[in-house]
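K.L.:
These are the residues of each chain, in order.
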Amino acid sequence: ILNVEQSPQSLHVQEGDSTNFTCSFPSSNFYALHWYRWETAKSPEALFVMTLNGDEKKKGRISATLNTKEGYSYLYIKGSQPEDSATYLCAFTTSGTYKYIFGTGTRLKVLA
Amino acid sequence: DAGITQSPRHKVTETGTPVTLRCHQTENHRYMYWYRQDPGHGLRLIHYSYGVKDTDKGEVSDGYSVSRSKTEDFLLTLESATSSQTSVYFCAISGGTGRGEAFFGQGTRLTVV
Numbered sequence: 001i002l003n004v005e006q007s008p009q010s011l012h013v014q015e016g017d018s019t020n021f022t023c024s025f026p027s028s029n030f031y032a033l034h035w036y037r038w039e040t041a042k043s044p045e046a047l048f049v050m051t052l053n054g055d056e057k058k059k060g061r062i063s064a065t066l067n068t069k070e071g072y073s074y075l076y077i078k079g080s081q082p083e084d085s086a087t088y089l090c091a092f093t094t095s096g097t098y099k100y101i102f103g104t105g106t107r108l109k110v111l112a
Numbered sequence: 001d002a003g004i005t006q007s008p009r010h011k012v013t014e015t016g017t018p019v020t021l022r023c024h025q026t027e028n029h030r031y032m033y034w035y036r037q038d039p040g041h042g043l044r045l046i047h048y049s050y051g052v053k054d055t056d057k058g059e060v061s062d063g064y065s066v067s068r069s070k071t072e073d074f075l076l077t078l079e080s081a082t083s084s085q086t087s088v089y090f091c092a093i094s095g096g097t098g099r100g101e102a103f104f105g106q107g108t109r110l111t112v113v
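These protein sequences, in sequence, are chains A and B. Mapping the first sequence onto the working numbering, position 67 (from 1) lands on 67, and the numbers just tick up by one. Mapping the second sequence onto the working numbering, position 42 (from 1) lands on 42, and the numbers just tick up by one.
Hints in this document: simulated from the structure, not taken from any laboratory. Quantities reported herein were computed from a predicted structural model and do not represent experimental measurements. Here a beta-carbon is modelled for each residue, glycine too, at the ideal position from N, C-alpha and C. Worth double-checking, as some hints may not be accurate.
Claimed, not checked - Keeping only pairs whose Cα atoms sit at most 30 Å apart, straight-line, the calculated DSS-like set for lysine-lysine is:
#, chain 1, residue 1, chain 2, residue 2
1, B, Lys-70, A, Lys-109
2, B, Lys-70, A, Lys-42
3, A, Lys-59, A, Lys-78
As the list claims (entries may be wrong) - Cβ-Cβ distance ranges computed for the label pairs, FRET-style:
#, chain 1, residue 1, chain 2, residue 2, range
4, A, Asp-17, B, Ser-67, 46 to 56 Å
5, A, Arg-61, B, Ser-7, 29 to 39 Å
6, B, Gly-63, A, Glu-5, 38 to 48 Å
Said to hold, decoys possible - Simulated coverage check for chain A against chain B, where a stretch passes if three residues somewhere in it have a Cβ under 8 Å from a Cβ of chain B:
#, region
7, 27-37
8, 46-60
9, 74-83
10, 90-100
With the sequences and hints as input, model every part of the structure.
P.N.:
Encoded structure:
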């Protein structure tokens, strides 16, 4: 069973703080690493997909990096806002099967 | 929004009864997935399909079966529901490259009493 681990499980930060989360995944048979944002009572929505070692993606105040050799990805949020409060999921896909294997998520709460 | 519809959205059923959840897509995507969401577990893959009549097991497939007779429909069946299958079930679709976005339905909240 492929294991995708995320840390921390939950996080409370003050508005304006910058924060980061970690996603660890198996480095063998790597195909792609996905980050999703999941707001309460909604469906997960894609933030980034990264495929190459050293990839960096940015969308507004949110960015992500990828290290496929050691099997981890970081998600950064700069200047957190209350509307950033959500669960952030990473998902790993392997070559040949196209299954999206999700981590347990990091639940972020930004306090105003 | 990707055209994915899950039905029903909410269901309460009794232990031992069969239950079928439906996922319908209008995107003509090849891959369809069923996940369950439970506190502390994120999204766990139950079954997935890579084409009509082509399905495979995920991490937590025991007690579940699936069928896909048409590109647009992927059915998840609990043959004999148990309380441990109380969960929120999400359907997802993707174009099948593994490097593209997976799009999710709105979820089905199933309670087994």
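K.L.:
Each hint needs a verdict: does it hold in this structure or not?
P.N.:
Here is how each hint holds up against the structure:
no. : hint                              : result
1   : B:Lys-70 <-> A:Lys-109            : violated (41 Å)
2   : B:Lys-70 <-> A:Lys-42             : holds (27 Å)
3   : A:Lys-59 <-> A:Lys-78             : holds (11 Å)
4   : A:Asp-17 <-> B:Ser-67: 46 to 56 Å : holds (48 Å)
5   : A:Arg-61 <-> B:Ser-7: 29 to 39 Å  : holds (37 Å)
6   : B:Gly-63 <-> A:Glu-5: 38 to 48 Å  : violated (26 Å)
7   : 27-37                             : holds (count 3)
8   : 46-60                             : holds (count 3)
9   : 74-83                             : violated (count 0)
10  : 90-100                            : holds (count 8)
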